[in-house]
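Number of protein chains: 2
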Amino acid sequence: MIIALDAMGGDNAPVSTVEGAISAVNGSDNIKVILVGEENILHDQLRGKEYPSERLSVQNSAGAVPMDESPSQALRKRKDSSIAVAVDLVKDGKADAVVSAGHSGVTMAMSLIKLGKAEGVDRPAIATIMPSLRDPFVLVDAGANVDCEPQNLLEFAVMGSAYSNAVFDKEEPKVGLLNIGEEDTKGNELSKAAFTLLKGSPLNFTGNIEGKEVYAGEADVVVCDGFTGNITLKVSEGMAEAIYKMLKIEISKSLIGIIGYFLMKPALKKFRKRTDYAEHGGAPLLGIRGTSIISHGRSSARAIMNAIKVAEKLASKNVHEMIAEGVKKVKKEETAVVES
Amino acid sequence: MIIALDAMGGDNAPVSTVEGAISAVNGSDNIKVILVGEENILHDQLRGKEYPSERLSVQNSAGAVPMDESPSQALRKRKDSSIAVAVDLVKDGKADAVVSAGHSGVTMAMSLIKLGKAEGVDRPAIATIMPSLRDPFVLVDAGANVDCEPQNLLEFAVMGSAYSNAVFDKEEPKVGLLNIGEEDTKGNELSKAAFTLLKGSPLNFTGNIEGKEVYAGEADVVVCDGFTGNITLKVSEGMAEAIYKMLKIEISKSLIGIIGYFLMKPALKKFRKRTDYAEHGGAPLLGIRGTSIISHGRSSARAIMNAIKVAEKLASKNVHEMIAEGVKKVKKEETAVVES
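Chains as they are written, first to last, in our numbering: chain W, 114 to 453; chain L, 114 to 453.
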């Protein structure tokens with residue numbers, strides 16, 4: 114699989130992007146990466162590094178889109194930016210997937226406009242991987258659609274299931290609807306209507322799941338509107354960060370605590386790894402014709418490497434076609450229910 | 114102040130409720146508690162305990178409302194239940210506030226129906242106190258109203274401000290609107306419209322606040338619809354619990370880690386105290402004519418004691434009247450804006 118990497122996008126680009134790409138191609142024979150960006154800068158970064166040159170190339174472009182630019186402005190003005198050229202490579206069939214840690218709104222807009230929606234999909238959505246006490250789970254929509262209709266949530270469930278299947282080899286991923294209670298009748302208007310649709314679908318829907326239960330790992334796919342999803346994601350990040358900080362403050366108050374901390378450090382490190390976004394590298398925009406991974410702006414080289422690996426998996430398993438088929442099947446059932 | 118305590122409600126009642134009440138009256142001369150419940154059971158619990166008997170009395174009633182009963186059923190059938198009798202004491206002017214760790218939906222419904230809404234209030238809401246790296250903050254609505262209009266969020270802001278003022282002595286509490294971005298134009302339809310209303314209000318509105326930032330303690334009052342609020346609350350609880358569990362698993366994998374854990378234990382304990390719901394005892398239903406505190410079903414004696422203290426504070430500061438005045442002021446400004 115050929116991955117077009119926006120080598121200029123992200124807080125730590127181009128150092129992290131070039132290093133991440135090198136690690137990815139050194140780690141797997143199945144991966145080719147095209148670094149998209151200002152070629153003199155990228156060649157400078159590559160100098161002296163060891164990598165299979167037949168699987169790592171440079172495509173010249175302008176720089177990254179500035180973070181304060183709106184997606185609509187960028188679409189008009191930044192046709193030669195690194196993200197635009199990277200998405201074009203996918204559109205023109207020269208690459209199978211695009212990865213960017215740059216301006217996420219722009220990556221989303223360019224991917225959506227240039228590649229188009231997958232057949233039958235109404236609203237593409239962002240899927241993000243979250244840690245749990247068991248396996249990681251997929252949260253969808255994590256922020257692409259802030260106002261949703263019930264049928265959008267059904268589509269998100271189809272997308273999330275395909276993603277879970279592709280990335281975690283789950284045969285029939287358990288789908289939970291994020292809600293404020295476990296009983297069937299709980300929720301707001303949106304979640305109640307979505308519950309009915311999900312229950313009537315061929316998906317492996319296991320019912321409502323409360324915010325408290327998601328981290329227990331009861332569901333493989335957690336579905337909600339993009340507003341709720343984004344709040345869930347950000348509140349979790351904020352909570353985890355606050356816990357680390359509070360813990361550190363308490364520990365540093367006594368010498369014994371500090372000694373304890375150093376003895377525990379390897380355990381703490383392993384634990385942080387489990388909750389680290391960089392492990393999963395990025396969140397795909399699902400429901401478009403192609404594979405596009407939106408990585409965290411703070412992405413390290415390891416996060417970029419992991420994002421490239423995820424992109425390779427999604428592209429090689431044709432997840433966007435799985436989604437188109439899944440949506441078709443779900444819509445057929447819906448029509449059947451209405452007609453019967 | 115006289116607090117009517119539903120002594121039969123909660124997983125650990127009547128042991129925790131009676132003990133909590135005893136601690137509360139022993140701790141403050143300003144507090145009188147009426148234990149409401151089956152008198153023989155309560156007298157048994159009180160036997161041999163030391164407390165000022167002129168400030169702790171028993172009011173006979175039937176038992177608690179079963180957890181599987183709907184609020185509407187309970188309203189019809191459970192007129193002599195401990196929660197019903199406790200709320201009646203407030204309604205009849207025999208108590209200043211009610212506290213219950215029983216069926217929260219029933220406590221909410223009984224308080225709302227029997228005491229009525231505060232003047233001018235459209236939608237009473239649940240306010241909950243959350244920990245942060247600075248001071249604790251108030252989250253409102255934490256789950257009473259799952260589908261909201263923009264003006265409801267404005268009311269929630271008024272209520273949360275009055276609560277923050279009463280409990281934490283904040284003169285002009287900073288109000289943040291929970292949203293998916295900090296920029297003024299971010300959000301879903303509801304949050305965008307609420308933003309405009311809040312900006313035009315006399316409250317100390319500091320703009321949108323992201324889920325990631327709430328635990329940094331930037332806002333004293335965080336406002337959102339009850340669906341989002343409940344998800345925020347539950348996701349936070351779930352995340353914190355998962356972190357403790359993951360940490361323990363990693364620590365227990367090595368002897369050094371276990372030793373480190375024991376050395377760190379006092380720090381861990383202090384830290385858990387900071388994030389412990391029991392510290393704040395319960396969440397008031399704001400915007401009704403009176404004071405009603407909904408405590409966690411798992412409430413310990415300490416949580417009950419703290420809930421009684423909060424009830425005393427809210428009742429003695431007449432928070433429900435502060436809210437009625439605040440709402441009137443906000444509505445006047447709104448009308449002025451519309452007319453100008």
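Warning: the hint list may mix true and false statements.
Simulated pairs of lysine to aspartate or glutamate, EDC-like, Cα-Cα distance not exceeding 16 Å [to be verified]:
(1) W:K312 / W:E446
(2) L:K325 / W:E354
(3) L:K358 / W:E326
Treat the hints as calculated values from the structure; they're not laboratory data.
Would the pair W:K312 and W:E446 pass a check requiring their Cα atoms to be no farther apart than 16 Å? Satisfied, since the Cα-Cα distance of roughly 11 Å is no more than 16 Å.
Proposed proximity, W:E354 with L:K325 (alpha carbon, max 16 Å): holds, 9 Å
Has the given pair, L:K358 with W:E326, been kept, meaning a C-alpha gap of at most 16 Å? holds, 13 Å
Hint check: no violations occur; every hint is consistent with the structure.
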